[in-house]
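S.K.: For reference, the chains in residue letters:
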Amino acid sequence: MATTVTSSTKKKTVRMNGCVASAQAAKYADVDVITAYPIRPYTATMMALAQMVANGELDAEYIVADSEHSQLSIAHGASSSGARVFTGSSGVGVQFAYELYSPISGSRMPVQMMIADRTLDPPGDFGSEHTDALSTRDMGWLMGWACDAQEAFDNHLMAYRIGEDPRVLLPQMVCQDGFFVSHITTDVELPDPGQVKEFLPPYKHPYPLDPRHPVSHGPQIMPEQGPPLQLERARAMEGSMAVIEQVHDEFAQIFGRKYDPWVEEFMTDGAEVVFFMQGGHAVTARFAIQHMRDEGVKVGLVRLRTIRPYPTDRVNQVLSKFKVVGVIETNMGLGSVSSGGSLYAEACAALYESPQHPLVISFMAGMGGEAIVLKEFYWMTKKMTEAQRRGKIEKRTHWVGFEE
Amino acid sequence: MSYTELTVWTRGIIMDKEGRDIVNSISASARLEGKFAQAMENYVDNPDRTNAPTRKYCRLSDNVLENELTYENEKPNIVVLVEGTMVKGWDYMRGMPPGGTLVINTHYTPEYMIRFVPGPERLAQLVCVDAAKLADHKWLYYRLGQLGLDRLSTEGAAERSKAIAPDIAAPLIAAVVKSTGIVKRETIEPMIANKKAFQMALGELHIMPLKPVAA
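Protein sequence lines correspond, in order, to chains R and V. Each residue of the first sequence is one higher than the one before, counting from 0 in numbering that gives the first Met the number 0. Each residue of the second sequence is one higher than the one before, counting from 0 in numbering that gives the first Met the number 0.
Chain R extracted, bound-state conformation:
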C-alpha cells in the first residue's frame, strides 16, 4: 500500500461550510453519477455540485429526480451499472426514500449518501436532529457523523474507499449536522488530487449490469434462500470493521490527518464523568470541558464517529473507564429504553458486559436543532457529578432546559 506523499504542492486550504466540503469531496472522488432532489439544508451541496458540472470542473451525470424515492432508485440503478454514485438528503427527505435503503445494501451497492440532518415533522424546522438518518441505522448502511467541515470532507473519501472495498460492498451514509456543520464556515484543507487518486482508485463493481456480460440483480427468491442472503449482508457489515480501521490508517499516512475510526476521546485522561455524543455539538462541548477542567471538574468527551457498524467492544472498553456516562442524544427515541433518545440504548448495550458498570444518563439536548450552549454543558456535567456522588442516577432521561 502507498505510504509516500508524492507531492503536496497542489494542496490548498479554503474556507467553506460543510455542504460545500461535501460537494468538494464528491468532486475529488470523481463521482460518475449524482442524483439530486432539493431539501434544506443539504441542498447547498447539490447546488455546488451543479455548478461544478456546469463549469466543466466535474465530469458527472447530474440527474434531478422527482422525489427522494426516485433519487435513491436512480442511485441504486446507476450503482448497479458500475458507476460511483453520490446522493444525499435531509430530514423528511431521508424518510421519503426509506424503501430503497434495504434494497441498496441488500444488493451490495456502495452508493454514498450525504446527510445534513434536519428535524423530522414536527417540528420540521431547519435545525438538526439526528433522527432522520438514525432511523435508518439498521438498514445495512455504514454510518457516522462528522463534527466539522474538514472531517466531513475526509469522511466522504474514506467512506467511498471502505464501501467499495470488495470485502465490504456496502452503501454509506456520511452524516453532518444541519447548520452546526453544514452552514458553519471553517478552513478546509483540500488535498492534492494526485493523493486522492492514490487513496481512492476508480471504482470497479465485480458484477455490474452489463449487456455484454449478463447478470441478474435482485431477483425474486424463495424463503429458504433468505437466511444465507441475510447472513451474508450481516457478515459484510461485521467484516467492514477491519477494513474501516485499515482505511483510516492509510488515510492518515497519505493525508496526514489521523482519525480514530470509532471514537474521539477528548480530555478523558483522569476523567470520571464523560459525555457520549455524535456530531457538531462536540465543538462546543470541547470548550465547555476545557473551562470545567480549569475549575477542577474531572469531565471529558467521548465522541462516537461511526455508529454503523457499531463498535460495541471499543465503546465498552472506553466507557468502562469512567464513573458516569452522559449520553447527549440529539435524536428522538419516543418510548424507547430511556424514553429519551436511541443512543442511550446503544451505550448501555455496549456496557452490559462491563464489570465496572458506569452509571448512564440520557440528556435530551439540542432538540429541534437548538444550539447546545456552554451553560447547558455545565448543567449536564453537574447532573453527572451529582450522580457520581450519590452512586446512582436521579432518573434515566433529563430534558435539558426543562429542569432546575
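Don't read these hints as lab results, they were simulated from the structure. Backbone N, C-alpha and C fix where the C-beta goes; we use that ideal spot for every residue, glycine too. Don't take each hint at face value.
Claimed, not checked - What follows is a list of derived Cβ distance ranges for each label pair: (1) S1(V) / E294(R): 21 to 29 Å; (2) T84(V) / L333(R): 40 to 48 Å; (3) V212(V) / Y377(R): 26 to 34 Å.
Once you've looked at the hints, dock chain V against the given chain R.
M.R.: Relative to the frame of chain R, chain V by itself:
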C-alpha cells in the same frame, strides 16, 4: 479581551449578496489581522424571499470563538441597514449594548433618520451613507434583471458576479470601517471591487455622534 458582533439587515434576494459581501469581507479582513472571525447568514431567514428582511452576521474576537455554533448575534455592537426603509418596522436594535453604531444606506441625514430608530439611546453614533448614489444609481435595475431567473432563493445559488462589493456594499463597508475601526482600511480595501465608491464614501459619510446611556 475584545469581542464584537456585527449584524447586517438586508432585503431577500435583491440585496442578499450585498449583505453577504459586507460580513464576508469584514470577517476575512479580521482574520488577516490575526483575529478570530466568523461570517454567516441567519439560518432561518434563508431560504430568502424577494424583499423579505434577512440577516447576515459577523463575529470578531481576540480569542477563539466559543459561540461559533449559535444561530444569531444576540448583542450586536454594529448594525447595518442595507436598504433605508428598513429603519422602520422591526427591532434591529434588539440586544445592542450601549455604545453601538447604526449604519443606514439612505440619502437622508442622521438628524432626520434618528426619529425612526427604536431605542436610539444605546447608540454612540448614527451613520448615514448614500450608498446607492455613491455606487451606481442603476444597480437595482440590473440586479433585478440578473436575478430574474432564480428568484426562489439565493441560498447557495450561483453568484453571477464573483466580485466582492461591486456596488452598494462598497460604500457601506467604508462606512462601517471608518466609523468603527473594526478592521483596518488597508486590509479590506484590496478586497473591494468598487474601490471608487469605497473611497468616495470615506469622505461622504454623515456621522452623528451620540451619548449612549450607560448600561
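S.K.: Return holds or violated for the Cβ distance of S1(V) and E294(R) against the range 21 to 29 Å.
M.R.: holds, 24 Å
S.K.: Is the hinted range of 40 to 48 Å satisfied by the C-beta distance from T84(V) to L333(R)?
M.R.: For L333(R) against T84(V), whose Cβ atoms are near 46 Å apart, the range 40 to 48 Å holds.
S.K.: Is the gap between the beta carbons of V212(V) and Y377(R) within 26 to 34 Å?
M.R.: This hint holds: roughly 32 Å between Cβ atoms.
In terms of the numbered hints stated before, the structure departs from none.
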